[in-house]
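Visitor: Chains as they are written, first to last, in the UniProt record's numbering: chain A, 1 to 242; chain B, 1 to 251.
Calculated directly from the structure, the hints in this document are not laboratory data. Positions of the beta carbon are idealized from the N, C-alpha and C atoms, including for glycine.
Partial list, derived from the structure: chain B residues whose beta carbon lies under 10 Å from chain A:
hint: 1; residue: 12
hint: 2; residue: 193
hint: 3; residue: 196
hint: 4; residue: 202
hint: 5; residue: 215
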Amino acid sequence: MSMRLSKGLIGAAARLRPTATLPRAIRPALVRYQSTSPNVPVDPKSKANSILDSLPGSTLASKAAILSATAGVSVAAISNELYVVNDETIVAFCLLSVFWAVGKYGGPAYAEWATAQSQKIKDILNSARADHTQAVKERIDSVSQLGSVVDVTKDLFAVSKETAELEAMTFELEQRVQFTNEVKSVLDSWVRYEAQVKQRQQKELAESLINKVKKELENPAVLKQILAQSVIDVEKIVQQKA
Amino acid sequence: MVSLSNSLSFISSPLDQFEIRTLLSLDAPILANMEITVTNIGFYLIVGVSIAFILNGLATNYYQITIYATIHSIVVNQINRTKGQIYFPFIFSLFIFILVNNLIGMIPYGFASTSHFVLTFSISFTIVLGATILGLQKHGLEFFSLFVPAGCPLALLPLLVLVEFLSYVSRNVSLGLRLAANIVAGHLLLHILSSLTYNIMTSGFIFFFMALLPLSFVIAFSGLELAIAFIQSQVFVVLTCSYIKDALELH
Numbered sequence: 001m002s003m004r005l006s007k008g009l010i011g012a013a014a015r016l017r018p019t020a021t022l023p024r025a026i027r028p029a030l031v032r033y034q035s036t037s038p039n040v041p042v043d044p045k046s047k048a049n050s051i052l053d054s055l056p057g058s059t060l061a062s063k064a065a066i067l068s069a070t071a072g073v074s075v076a077a078i079s080n081e082l083y084v085v086n087d088e089t090i091v092a093f094c095l096l097s098v099f100w101a102v103g104k105y106g107g108p109a110y111a112e113w114a115t116a117q118s119q120k121i122k123d124i125l126n127s128a129r130a131d132h133t134q135a136v137k138e139r140i141d142s143v144s145q146l147g148s149v150v151d152v153t154k155d156l157f158a159v160s161k162e163t164a165e166l167e168a169m170t171f172e173l174e175q176r177v178q179f180t181n182e183v184k185s186v187l188d189s190w191v192r193y194e195a196q197v198k199q200r201q202q203k204e205l206a207e208s209l210i211n212k213v214k215k216e217l218e219n220p221a222v223l224k225q226i227l228a229q230s231v232i233d234v235e236k237i238v239q240q241k242a
Numbered sequence: 001m002v003s004l005s006n007s008l009s010f011i012s013s014p015l016d017q018f019e020i021r022t023l024l025s026l027d028a029p030i031l032a033n034m035e036i037t038v039t040n041i042g043f044y045l046i047v048g049v050s051i052a053f054i055l056n057g058l059a060t061n062y063y064q065i066t067i068y069a070t071i072h073s074i075v076v077n078q079i080n081r082t083k084g085q086i087y088f089p090f091i092f093s094l095f096i097f098i099l100v101n102n103l104i105g106m107i108p109y110g111f112a113s114t115s116h117f118v119l120t121f122s123i124s125f126t127i128v129l130g131a132t133i134l135g136l137q138k139h140g141l142e143f144f145s146l147f148v149p150a151g152c153p154l155a156l157l158p159l160l161v162l163v164e165f166l167s168y169v170s171r172n173v174s175l176g177l178r179l180a181a182n183i184v185a186g187h188l189l190l191h192i193l194s195s196l197t198y199n200i201m202t203s204g205f206i207f208f209f210m211a212l213l214p215l216s217f218v219i220a221f222s223g224l225e226l227a228i229a230f231i232q233s234q235v236f237v238v239l240t241c242s243y244i245k246d247a248l249e250l251h
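Take the sequences, apply the hints, and build the full model.
Guide: Given below as structure tokens:
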């Protein structure tokens, strides 16, 4: 029964196999393949060659030898029970399929993303390096502008020394002027004092003379003498006028 | 020959793959007759740690960008932009350790170390205990305010504190349980499905082709397992970060 079923199924599969149209499972792959090169039809020969090239070995003979050796070793290992085919083989096959699918479909996208990330970080580092180089160059330029700083400093020092000397001289002269002013004011005050003393003495002298004269005028003899003298003087004047 | 074929045809329990077996045992009267044994879980953990070290040594730009950037963003977003940075090495090591062990467990004839509660619980208890010590060290007794929800009525306080405490303690279990349960479930499912597929395939010529349908399911579940290996590692470190954040910044 099972044989009949299988024969029937195989026959049906052969009958159902489309000759002109491609199986549905293959179509998306071809569409995707063609989408990258829309005008170039796939050459079956080159396709076959690419499959052959993907096999290990350099020549066709070595490829065949490697394939047959692998098949032989696998059969020997399984038949001698060096490798036992059991449910773990199914797990291994499934796991490898998943890894293959992840590598095939996720790998390029991941590599692209990772490369973009790597490039992003590289760009950041490179721009930082460029910024640093620019900053160092600017610093070098600004420092090189200060190349004559020694001479300028020497001149500035000389100027400051001169300024200090002039300031010292100015201070000395200011002190002298101040001292002179002090002396002058002292002398002026002395002069004023002497003038006052002189004035007072003259005043005292005048007073003493007036007092003396007044006192003498109180003396009749003196008055008489004055009168006599005055008469003489008047007579003289009269004589002269006459 | 008959006995060999019998032994090959017997159906093993799906749980056999999780059994811890002794690989090497030193039975000598030294160190007070202490049993020094290398079991399969110990061996696979050593292998996992070695692979993690080798991966770090051979780290390429791609590896660094993906894993480093992912873990760094988790740490920065979950804990703190500045204070969280010091936990990055720990979180990164934890992620790589769990991921590598998950992936090793997927290899046929391999052993899934992370499917063992003894491993996942020891990691999760250590993490929650460490986070608690961190919180106590940082906040002192104020750390216990973590168990008091903000603005709760005084009458409900004892009940809510009890609930919060239970929730805090259950983190120990939930963190480890989640990882181990996922890995165990995935491996059991894969084992059962692959056994079924194998049995169907070996039943006859036509059944070989009929088994392509369950085989596609196994392939799909293998993909799911691969995704779970990554997702569970990520979930584990995200929750670890969240627990550390709780200890650092009492909510």
